[in-house]
Every structure is written in C-alpha cells, then in structure tokens.
Amino acid sequence: MSIRELAEVVEQGHVVVCCGSGGVGKTTSAAVLAMEGARRGRRALVVTIDPAKRLASALGLDELSNEPREIATDRWDPKGERRSGGALSAMMLDTKSTFDGLVTRYASSPEQTRRILENSFYRNISSALSGTQEYMAMEKLHELHEEGGFDLIVVDTPPSRHALDFLDAPQRLLRLLDNRIFRLLMVPTRTGLRIAGAAVQAFLRTISRVVGSEVVNDIVAFFRAFEGMEEGFRERAKKVVQLLGEPETRFVLITSPRRDAVEEARFFAEKIGDHHLAVDALIVNRVHPRFGTEHSSGLRARAQSLRDLRVGKEAVEARERLAARYENLADFNEIAELERSHLETVRVRVGSAAIAYVPYLAHDVYDFDALAAVGQLLFSSAGDPGPLEAGADE
Amino acid sequence: MELAQFCSTSRVIIVAGKGGVGKTTVTATLAVAAARTGMSVLIVEVEGKSGLAAAFDRPSLGYEESELAPGVRGRTLTPDAALVDWLQGNGLKRVSKRLVQTGALDIVATAVPGMKDILVLGKVKSLDLQRSADLIIVDAPAAGHAITFLTSARGLLDAVSVGPVRKQATDVVELLSDPERCRVLLVTIPEETPVSELVDTAFAIEDRTGVSLGPVVVNGCYEDLAVGANGDRASHQLGADDAVTAASIQRDADLLDVFVSDREARDLARAAAFRSERAAIQTHQADRLGQMLPLPQIRLPFLFTADLGMREIERLADAFTAGVGAL
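If you read the sequences in order, they're chains V and S.
The first sequence begins at 1 in our numbering and counts up by one.
The second sequence begins at 1 in our numbering and counts up by one.
Honestly, I wouldn't trust all of these hints.
Straight-line alpha carbon distances no greater than 25 Å define the calculated DMTMM-like cross-link-like pairs of lysine to aspartate or glutamate that follow [said to hold, decoys possible]: (1) S:K97 <-> V:D168; (2) V:K53 <-> S:D224; (3) V:K53 <-> S:E206; (4) S:K49 <-> V:E214; (5) V:K238 <-> S:D106; (6) V:K271 <-> S:D80; (7) S:K167 <-> S:D80; (8) S:K49 <-> V:E344; (9) S:K49 <-> V:D50; (10) V:K313 <-> S:D224; (11) S:K167 <-> V:D168; (12) V:K53 <-> S:D287; (13) S:K97 <-> V:D274.
No lab work stands behind these hints: they were computed from the structure.
Just chain V, with the same shape it has in the complex:
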C-alpha cells in the first residue's frame, strides 16, 4: 500500500475528524487543515470545541455561536493565492443548544420539548455529563453534513480523558436513556406508578436516601417526559456513527512526540481499528529539531574527552565552553533520537497513513500568518522526520 498524502485529506475528504489527547495542538491543526482546504479551492469549515482565546478571536469566534461564520477572505488569504471557490468558515460547538435542538426535533409536541428542557436532570445530561460534548460534536457534524453547504468539514474533538470518547459517546448516552429500571417507571397506569414495580420502588427509596428525593423525582420526571423519543435518538445516533464510516470521512490523529502522548495515540489507533475505521493521517506537533547527523552518544563522548583535556590556564575557558556546546548538541540530538523512537511505535500502527511533522515553534500559533506557516510546514514535510531545521517561525 502506498503512503497517503496529507494533501489528499484536505482535497478529497469531506468530513475530517481530528483526534488526540489534550495539549498536543489539536485545535490548531484542525484550523490549519481547514484553511489549507480553503486555499485549495474548497468551501471549508472548522468546528472547534474549546479553542484557546487568541486562536478563537483570530477565527472570529469571540462569542459562542453554534452556526458557522464565514471568515473574510482577505484575513486568511491576503495575497489572493487561493484556488477559485475557496472559502473558510469557523464555528464553536455549543453543546447544550445542539442537544436542545435534537430534543426539539424529536419531541412530538412543544409541550414535550418544554418539559424536557426544563427538567434539571436533562440540564445535567446536556451540560455536565461527560461524553455529551463528544456526542454533540458528532451530532453537529452530521447536521452540517446533511445541510450541505461545505465541501470540507474539519471537526476538533473535545479534550477528553481518552481521545476516543467520541466514538463511544453515542452508545453510552443511548444506554443511559434506555435504562430499564427507569423505563419501568415510564409506563403510565391509571393509578400513577405501576404497582408491579414494588421492587423498583424500594430501589428508588434507597437511592433517595442517598441523594435526596428531589433528585429521584427529577430523574423520574425526565424519563416520563422523554418517553417515545428513544427511537428517534437511536436512529439518529446510528446515522451519526455511520457518517464516520463513510468513504469520504478522514481521521487525522494528532500527537506530540512525548512518550505519554504517543502512547495515547497508539492506543487510539488500535481502538479506531476495533471500530473498523482507519487513521488516514498522523500529525506530529512540537518535534524537537535535530542538528546534523551525528549520534548523541558520540557527541557526549566528545564533550567528555574535551573536559579531560589538560590545558593551560588561558585555555580553560575555551575548553569548558566548547565542551558545553558539545553537550548541548548531544542533548538536542538525544531528545530527537528519543522522540523518533517513540514515534516509530505509533508509525507501525497507522500503516499507510500520511505522516507530517511540525517542529517546535518559537511562538504559539494564534493568527492566520502563523496558521499559514504551520500549513506550509505540514504540507511540505512528508514521511520522515529528517534533520528538521530549527527556529521555524521567527
């Protein structure tokens, strides 16, 4: 199998899911991919989850908006280099209003919508439950896909404890909404709660003792209000998951070369395989530069032999200085060697995926110039993290 190219992802992909653990530059990479798609003539959208403030304002996302907003062309393409048709939009996911929209869509009446939206258990599900953000990111993705209007939708995934939560989130939420214990309570009878549920009643009393009866009442009220909607939700979740398996969907795994991030990335690559999906591209951010080709151990030995030199007083300073410079070079080459060996473990897992590297940059990326600079690095490097040049974006 030939090695894919990152260009293929932004030129041929329709939905691009960016995943990876926290702190590896996921949002930035998502923005770079969308911008690069736009430069190549596509109507591109980046869906961010929780961007750093400065990046958000660069993208025109100073306030939370659950709808895409187009970014003026002169901001991201001041020189007018884009291929014709290219356009860039951005949006920031608003989890709760996405969920509210879903409820509104599947409720049979405005009355049912109201009862659900006002329920405090629902409010917890739609804002505080872990996994909801992941699910709603996927839901929004599906919605945007259905509405059309974009050739390329790049979606960031939430900084979860585990990078792949979004794959399991729909199922987890469905399990919650499908709970048997509470479904028994939803069966209406003339006398209110079903008498046959005596065991259930006892059970609920126990829970009430622990967390208070208001909480239990809320739960019961929610499941009653939700009745009849599970089927719609289930169908929807199925479609959302199907979208991830479409031939025009691409998965981009983002990592840093640090051991823990690489381990998470490798775990993700395995897990995504379990879902019969594949990683199409791997982006490695913050790679340390390597200077020259000499192995760190040789440089380290050289430093030591310099330190061992017997010299006159006038040359002591020169000796120490030169030795320190060798040690410094050995340090950088050692960490570069180490990073490359870590990356090798994930490289074998992603098979034919495109691999691109971004060196350690002197500044954080938060404006379009910097995004363009990263884009250039990403789309020009391929395959092998050779002796990357230092300094990068100065």
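For this one, chain V is given, so just place chain S on it according to the hints.
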C-alpha cells in the same frame, strides 16, 4: 523555606494543570522530595492512567496501596471505584452491585453532577483523617476538569438538600477551604498558551473554590549553559549569526588544538542558537506568569536525557528542593 516545612504546611496537596505540562512528573517529584525529609507520602492517582507507575519504574498502580519508592506509596482512586467504595461504606453494600449492574448508578451520578468527584475527594478526606500518611498528594484530573473537580462540592450543596451525599460534600468543602489541610499546586510549562490558561485556572480556583494555592511549578525550563570563570555563556547572544558563533567555536578549537569540522561547528552553533532562543522565550513567559499571577514560582529543569524514570525524578527532586529553598 525548608523543604520539611514546605511539605508540612498542609497534609493534602492537589497537583493540577493542563494536559501535557508534566503534572504527573511534578507529583512524583514532590513525593520523592518529601520522602527525603523522612515523611511518609501517599500518592493518589484519580484518572487510572499508567504514567505515574512508570515514573517510578513500576509496572502499574492499583486500588490497593503499593510502595513506589522508599517512603512513597501510591494507589489509584478512580471516580467509579470511589463511588462503589462509598456505597459499601454506607451500609449499601448489597445494592451497590445492583446499582452498577443495572446502570442505575450512572443515572444517579448524572443526576448529581460532580458526585463522583466529591466521592473521590471525600475518600481523600478520610485518608487524611485516618492519618494514612504524613503527606497525601493528589494527581488531579487534567485542565478544565481540575476546576470542575474542585468546584463540584460547592455545586452539589446547591443541588442536593439532604442525605449522606450532602454530608460528604460539606466535609469536602471544609477540607478544601482549610489552608492547613489542603493546598493546590499548579503546574505549567513556560509557553504562551499554557501560561495564559494557568492564570485563568488559578483565578477560577481562587474565586470559586476557596482552596489556597501554593507556589506555581514551572516545569520544563531550559537550564543555562553558563560556563567559564567570568560567567561566559556557551549559548551565544541572541541575534548573533550562526556563522559568527561557528567562527568563535573554531577559535576555541584552535586554542585547544583540537579539530572541529566546519559542518560540526555549524551544528554546534545552530543548537546553541536554538537553546538561546527557547530559553529567552521561556524566561519571558515565566516573567509574564509572575506579573499576571502573584504567586511564587518553583522552576524545574527540562530533562533531555531518556524517559522519565527514578533517576530523572531524583534529579528533579533536587531542583524542587532548591526551588523551595529559594522561596
């Protein structure tokens, strides 16, 4: 400040920071440093991740305590485990199994957001009351989760009016707001976004939780390449050309009568320039942090060598001790 004094200021220290800044490294470092003063230390890991055990060259960490290093024990305390543990401790042993099996527990936990966090902290509280160690270090959840983790107890007091969960939340709030019992040690790296986010987190924690903040640990700082009697630095001045540095390297080589190829001189010069640049950026960011957040800083060096293991932790513990000494 003496390290022993620093470590006994509060019996519980919660280490928090965004993902990728080395929170777990700092947890391990603090533990080793404290153990050197003769204290018994217990590390509590709440996310079920393996990094901590690896730092101590141990295969894994479990719910049962195990020794990680002399004087340092460790255990996991994941939210799910804390919940079951708590139910069992509250005479609900029989239902706890059923609650888990039916999935009802997830529903209850959803209905009471933060409940699991409170039970984790509640368990920490009981570990503290049992005096299970002289110092308990909690490796907190990453980033935004840390704020939720620390604010959930207060939030719960609003949501739940009665019952043992409320009692637990009350106890947790008491623990968190008592500076003699508990402090938060924030960790960051000297880079722009992590620094900005740390400042936001610090203010959020102060405003919303009432937890006292200890010094900020700035992790991954490049050490100076200072050499020579007069304090000359091997890393060249900012802005100097690589060719100029390469020429000065050749002058040193001539003086020492050793051979350095032009190519190698250039590599040495570029590596030195890279280090200088990054060190300057780091200093700038650490200073910026100091201006925005009036908390003392403890700086830990960036380690180039190998992966984190016991040897590296010992080195960092030296730096940590020195950093505390300078407070």
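Taking the hints in turn, this is what the structure says about them:
1. Restraint check for S:K97 and V:D168: satisfied, since their Cα atoms lie roughly 24 Å apart, inside the 25 Å limit.
2. For the hint linking V:K53 to S:D224, the alpha-carbon distance of about 32 Å lies beyond 25 Å, and the restraint is violated.
3. In summary, the hint linking V:K53 to S:E206 is supported, as the alpha carbons are separated by about 21 Å, within the 25 Å threshold.
4. Our distance criterion of 25 Å between C-alpha atoms is broken by S:K49 and V:E214, whose separation comes to about 35 Å.
5. Taking the CA atoms of V:K238 and S:D106, the gap is near 22 Å; set against the 25 Å cutoff, the hint holds.
6. Taken as a hint, the V:K271 and S:D80 pair is honoured in the structure, with Cα atoms around 22 Å apart against an allowance of 25 Å.
7. At roughly 19 Å between alpha-carbon atoms, S:K167 and S:D80 fall within 25 Å of each other, so this suggested pair holds.
8. For the hint pairing S:K49 with V:E344, the CA-to-CA distance comes to about 22 Å; that is within 25 Å, so the pair holds.
9. Only pairs whose Cα atoms come within 25 Å are accepted, and S:K49 paired with V:D50 is accepted, the gap being roughly 23 Å.
10. Restraint check: the Cα-Cα separation between V:K313 and S:D224 comes to about 24 Å, which is no more than 25 Å; the hinted pair holds.
11. Of the pairs offered as hints, the one joining S:K167 and V:D168 is violated, with about 34 Å between alpha carbons and a cut-off of 25 Å exceeded.
12. For the proposed pair V:K53 and S:D287, the alpha carbon gap of about 20 Å is at most 25 Å, so the pair holds.
13. Annotation: proposed proximity of S:K97 to V:D274 is violated, straight-line Cα distance about 29 Å (limit 25 Å).
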